[in-house]
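So the protein sequences, as listed, match chains H and G. For the first sequence, the working numbering gives the first residue as 97, with consecutive numbering after it. For the second sequence, the working numbering gives the first residue as 786, with consecutive numbering after it.
None of these hints come from the bench; they were simulated from the model. No experiment lies behind these values; they were computed from the predicted model shown. The beta carbon of each residue, even a glycine, is placed where N, CA and C say it ideally should be. Errors might be hidden in some of the hints.
Simulated restraints, written as ranges between beta carbons of each label pair [unchecked claim]: (1) G/Ser970 with H/Phe411: 18 to 26 Å; (2) G/Glu817 with H/Tyr156: 34 to 42 Å; (3) H/Trp312 with G/Lys958: 27 to 35 Å; (4) H/Tyr156 with G/Lys952: 51 to 59 Å; (5) G/Lys862 with H/Asp326: 36 to 44 Å; (6) G/Thr867 with H/Asn331: 52 to 60 Å; (7) G/Ser970 with H/Leu241: 14 to 22 Å.
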Amino acid sequence: MIPQKPHPNWKAGQNAGMTRRSFLRGSAVFASGLAALAASLSPLRELDDFPSVEQFAQKYYKELTPAEMAKVLKRIEDEVERQYGLRPHVKDLKPADGVEFVYALNLTRCVGCRKCVHACVAENNQSRTPEIQYIRVLRLPHGSLDLEKAEHDYHPESVPEKGYFYMPVQCQQCKNPPCVKVCPVHATWQETDGITVIDYDWCIGCRYCEAACPYWARRFNFAKPSVPKDRLNLNMAYLGNRPRPRGVMEKCHFCLQRTRAGRYPACVEVCPVGARKFGNILDPNSEVAYILRTKRVFIQLKEELGTSPRFFYYFDV
Amino acid sequence: MNDKPRVPGVLFILTLVFIVLTVSFSRRKWMEPEPLKAIALVDPDLVQPTTMRTSYVQLVRMQADLSDFDCYACHEKNKPPTLRFDASNNLVIPKEHLDIVMAHGQHNRNNNCFNCHDEQNLVLLQTRDGRQVKFEDSPRLCGSCHGPTYRDWEGGAHGRTGGYWKKEAGETKRQICVDCHNPHSPKIPPRTPLPPPHPLRQADQARMFQEFRQPEGVAQTSSLPYRGFPIRRCDQAVTTGRLEVGDAAGWKPALRSLGSPLAAAAAER
């Protein structure tokens, strides 16, 4: 090599600094590192349930004006139409004055056919895979209410089976609900007609309420709920049976799209033996008022926990 | 060059590692969870709020063909039919009425047609104290013996209610006794239950499918393959639902019967 004059900036004893070779090596590592990072983040490309801007910027339910609520309902109708190809009718039904719902279930009559379970699934657009069912029917042996002996997996040829009775369990709409107490964002609250509701757009999916509920009434959407298009119930309510996104809680809400319009819930209507009774306890002429007046033995599940459920199980002759 | 001889080697290995990672993350099959196996759907016919039987009163309301119910098409007016009893004092059902099974009351207590039917006028019913009751008013006849149940039915505790709980919003549909109870064999017949819940985790589902065995003494009606699940219809037919791979149109269970004629009829529908 011909000895050359050193660069004016070069100081004696220093290294050569960045050369083209070292720059190229460094950038090769950097670029491949960036590529590996991008590739590892690639599952994010498949996120399809990202909330829209309107949904993200939506105000708390109780602060929405009627005009804003109308926009929210329209947004939901558009989303359902985009996903299922059918346009639903989403309403925001408010609780009526002088109405408090109470449920009475006759354990002598229930035969354990599970029609209520599947009628509820059909009415409330619940996910079929993975399966979500708000109602769980327990089979208990005669003689005690020991829930340790309960079986929910019974599948005999015919029901009722000798020696057993059946107890369907769903959200008890407690007067003193533990799920409402633990929700960190107030996405769930109890309304004046007794129904504990969930705002699916506000729920963050932490599942504290699921842990707090003693009846395992609350279900979580671990995956995007799948409802077949031909089974979609298009009569929807904002706090009720509109399709839920992934990652939110849901539970029985006494079919509020039906009950706040004056109809019976789906489980009451479908029960073939008339074991389920529903109505307004503040109306002395209602069926549930008659039952609570005349029947003698009532069971509230796990009443020692102080949740004070609105669900009364009773036996009959 | 001698002070940092390993740097180019390290950089080279790092580059190779990053390229391998890029390639393996891009081919994501090994990272994806197993797709969920579709759970069989339940036939919507099974969750309709129809009554367990169609009573005469319902047939009248539907304006159906009532020629079967014209008593005096066969019987003579003013000539009460005679009942025949066999040696052990059991009622012998005439061959024209063999579709009737008399099972009202234990130990054959209610062993006489004219405990409820009026032999002088076959289009009416009668109570034990001699009152005549029209067919549309049959709950009064039932209540003349089953008083507490009748009171409960009037109050709303017994029987089915549908429609609207709010009277101002719409009609409350109450069923009468014979809409559910066959007056000749009133005991509610047993039925096949709908499928039990599926566990959330696929591993538990697999175990549940393989352990799907009937309790002792009950006939095993189907040998359950891993991917099927018996969908039991309430008319006692057993079908196995197999699933086609879900497409954008939703899940479509393909029902194939296991030889029961009822299931074959259901599959044809």
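(request) List, from low to high, the hint numbers that the structure doesn't satisfy. (result) Numbers 4, 5, 7, in rising order.
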